[in-house]
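K.L.:
Model the full assembly from the supplied sequences, consistent with the hints where possible.
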Amino acid sequence: MKRVMLDGNGAATEGMRLARIRVVSAYPITPQSPISEKLADYVTDGTLDAKYIRVESEHSAMSCAIGAQLTGVRAGTATASVGLALMHEVLGVAAGCRVPIVMPVVNRSLVSPWSLWCDHQDAMAERDGGWMQFYAESAQEVLDLILIAYKLAEKNDVLLPAMVCLDGFFLSHMPDAVYVPAQEDVDKFLPAYKNDNLKLDPDDPMFINDLTGSNEFMEMRFQQAVAFDYAQDLMPGVMAEFEEAFGRKYSMVEAYECEDAEAVLVSLGSMSGTIKHTVDMMREQGRKVGMLKITSFRPFPAEAIRELIGHVPHIGVIDRSASLGSETGPVCNEVRSALQVLDKAPEVQGFVAGLGGRDVPPTTIEEAFDTLLNDKTVAAVKWLDVQDNALRLREVDA
Amino acid sequence: MSACAGCGLELGARYIMEALGENSTLVIPPGCAALFSGYGKETVTKIPGFQGNLENTAAYAAGIKAGYEMQGREDITVLGMAGDGATVDIGLQSLSGALERGDKILYVCYDNEAYMNTGVQGSASTPTYAWTTTTPGGKQGYRKNLAKIVDAHRIPYLATASIGFVEDFRKKLAKAKEATKTGPAFIHLFAPCPTGWRSRPDTSVEIAQLAVTTRCWPLFEIVDGVLSITKEVKKPKPLTDYFKLQGRFKGISDEQVEAVRQEVDAAYDRLMEGRV
Numbered sequence: 001m002k003r004v005m006l007d008g009n010g011a012a013t014e015g016m017r018l019a020r021i022r023v024v025s026a027y028p029i030t031p032q033s034p035i036s037e038k039l040a041d042y043v044t045d046g047t048l049d050a051k052y053i054r055v056e057s058e059h060s061a062m063s064c065a066i067g068a069q070l071t072g073v074r075a076g077t078a079t080a081s082v083g084l085a086l087m088h089e090v091l092g093v094a095a096g097c098r099v100p101i102v103m104p105v106v107n108r109s110l111v112s113p114w115s116l117w118c119d120h121q122d123a124m125a126e127r128d129g130g131w132m133q134f135y136a137e138s139a140q141e142v143l144d145l146i147l148i149a150y151k152l153a154e155k156n157d158v159l160l161p162a163m164v165c166l167d168g169f170f171l172s173h174m175p176d177a178v179y180v181p182a183q184e185d186v187d188k189f190l191p192a193y194k195n196d197n198l199k200l201d202p203d204d205p206m207f208i209n210d211l212t213g214s215n216e217f218m219e220m221r222f223q224q225a226v227a228f229d230y231a232q233d234l235m236p237g238v239m240a241e242f243e244e245a246f247g248r249k250y251s252m253v254e255a256y257e258c259e260d261a262e263a264v265l266v267s268l269g270s271m272s273g274t275i276k277h278t279v280d281m282m283r284e285q286g287r288k289v290g291m292l293k294i295t296s297f298r299p300f301p302a303e304a305i306r307e308l309i310g311h312v313p314h315i316g317v318i319d320r321s322a323s324l325g326s327e328t329g330p331v332c333n334e335v336r337s338a339l340q341v342l343d344k345a346p347e348v349q350g351f352v353a354g355l356g357g358r359d360v361p362p363t364t365i366e367e368a369f370d371t372l373l374n375d376k377t378v379a380a381v382k383w384l385d386v387q388d389n390a391l392r393l394r395e396v397d398a
Numbered sequence: 001m002s003a004c005a006g007c008g009l010e011l012g013a014r015y016i017m018e019a020l021g022e023n024s025t026l027v028i029p030p031g032c033a034a035l036f037s038g039y040g041k042e043t044v045t046k047i048p049g050f051q052g053n054l055e056n057t058a059a060y061a062a063g064i065k066a067g068y069e070m071q072g073r074e075d076i077t078v079l080g081m082a083g084d085g086a087t088v089d090i091g092l093q094s095l096s097g098a099l100e101r102g103d104k105i106l107y108v109c110y111d112n113e114a115y116m117n118t119g120v121q122g123s124a125s126t127p128t129y130a131w132t133t134t135t136p137g138g139k140q141g142y143r144k145n146l147a148k149i150v151d152a153h154r155i156p157y158l159a160t161a162s163i164g165f166v167e168d169f170r171k172k173l174a175k176a177k178e179a180t181k182t183g184p185a186f187i188h189l190f191a192p193c194p195t196g197w198r199s200r201p202d203t204s205v206e207i208a209q210l211a212v213t214t215r216c217w218p219l220f221e222i223v224d225g226v227l228s229i230t231k232e233v234k235k236p237k238p239l240t241d242y243f244k245l246q247g248r249f250k251g252i253s254d255e256q257v258e259a260v261r262q263e264v265d266a267a268y269d270r271l272m273e274g275r276v
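Those protein sequences? They're chains D and W, same order as listed.
Quick note: the first sequence uses the working numbering, first residue 1, plus one each step.
Quick note: the second sequence uses the working numbering, first residue 1, plus one each step.
Everything labelled a hint here was simulated from the structure, so no lab data went into it.
On a predicted model such as this, the values are computed, not experimentally measured, just so you know.
One or more hints might be untrue.
List of simulated lysine to any residue pairs, SDA-like, C-alpha gap at most 20 Å [unchecked claim]:
hint, chain 1, residue 1, chain 2, residue 2
1, D, K288, D, P313
2, W, K46, D, M1
3, W, K41, D, E219
4, D, K344, D, D375
P.N.:
Below, the structure written as structure tokens:
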């Protein structure tokens, strides 16, 4: 195992290389482009034994990947933002045809207005489409989660595609020291792909993705739902195998200083590091705060969340995306749902922060904790750091 | 599986399957050709296949071909078979991408000159003055010149074909299949649709032949950039012979017929000069 400087995109690329993807269909989009470029380098210099398809859109990127993987090889692509949105239709095909593609998604805001920067709106818009979703806190987690995702996605009881989400620029472009496992160790953890289910093979012809009547459609959707249950059951085992092979420990949710906490903030992705830092600072001041990081957003680990923070009196969830027209953000809605079945369900305050790449500094985190600790919670979502003149920003002077 | 009575595509699909052989894989979008994929758990064809979306037949085919290539199975022919809507309109981007990259796939666009599976709506390939449900007064403007667009990609093999000239079609399928060893091959197949064209099912082959002999659907091929007409039409038959068999041209005026005559003759002259 080597330790090298890699940014999140580099870590994603290393993960895909180590998974020995055989077909790459890539389309550049900020901030994902370095993944497409590095994979092209690897295919050209022979580091990666793959065919590189320089597709003309993300829609075709996912279509190519599905076609290739249905023949029996791992296919790789990566995307972000509007590119993910353009894939939307075909993401459903991968999910419904049970093609376990693993795709890095470099999180970036959706239009409009245009933004190059990070939030989770792109992936959240795909949260119900049948893809697993894992969120990385660091470049190391990006690499590791890709390997974990492959291992889990390809299990015969699962066969679900997976997104490994990394925050645009905060992770994608931030170099960090990353342990890169040796190929032979990865090969032991992640054997060659074999598709036993739906496949395109003239020696065993089958027609895939036919029109299906109402008497079977719902059952096939139900099968996908059950696959998510299996994924949730199998994930701890896969993560334990990963720990045994590579020494790094993962879990679907990570609790940080939650046991005696009076207030806990729930988060996804790179923001979790800032929250941990703020928790440390506030603990030094004697304030009992903690953090819960959700690594696996789909499947959603409701039971684990109940166990880890069900006892905490004040809970807040920071969404890095907005569910417009809803009382709160998408992650907050999930956490509230998970906790409301408890006899003494804690109140859950929703926060929205960091949209369009806006920094979420410790002061903002502290503000959220103060809201919780001082019992200033309200039912509706609180937008953090929104300028006072928000409603006047787009007005034109007379 | 069953198609509408007199379906030109059904006839075309038989010849396509015969030419492909069993060592092939099929990609079909959700259009009329989806009839050949089956329903629910069925597998209708003797070759594997995938029903994709309307706009990405060529992209799926490219991915499948790449997957096979990486497993040392270059000998499998991968066919995309899509209608004019899924090719000339919404599928043009992914087709262009595959052609430009040189993906070694065979693509057959069966052209019934409208969106037939959804109920006869006009497409970019609907000919001038033809009735459809979205061109109820007859289509204004010209049909998109697909062969010209495909030709711009400099692929090894490009041809037009018709279910009315079977031997010509068979030869072109054989050449196209062979051409996929070096790059993409494309066949634009004329396939009458009695349901949408308001024609009698037993006239489909006659209509297909008249389309050629009136010069409305010239038969030619372009091999490595060199164009040749494969069925010369020195003395074209009157367009009214062709139009009168189809309810979709009902009410076409003499002036409109003359306008079409000038257009198809000019197009034919260009082909004679070696230009699409």
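K.L.:
Evaluate each hint against the coordinates.
P.N.:
Hints and how they fare:
1. Restraint check for K288(D) and P313(D): the C-alpha separation of about 11 Å stays at or below 20 Å, so the hint holds.
2. Between K46(W) and M1(D) the CA atoms are separated by roughly 48 Å; this puts the pair beyond 20 Å, and the hint is violated.
3. In summary, the hint linking K41(W) to E219(D) is supported, as the alpha carbons are separated by about 13 Å, within the 20 Å threshold.
4. With a CA separation close to 17 Å, the supplied pair K344(D) and D375(D) stays within the 20 Å bound.
In this structure, only the earlier hint numbered 2 is contradicted, and the remaining ones agree with it.
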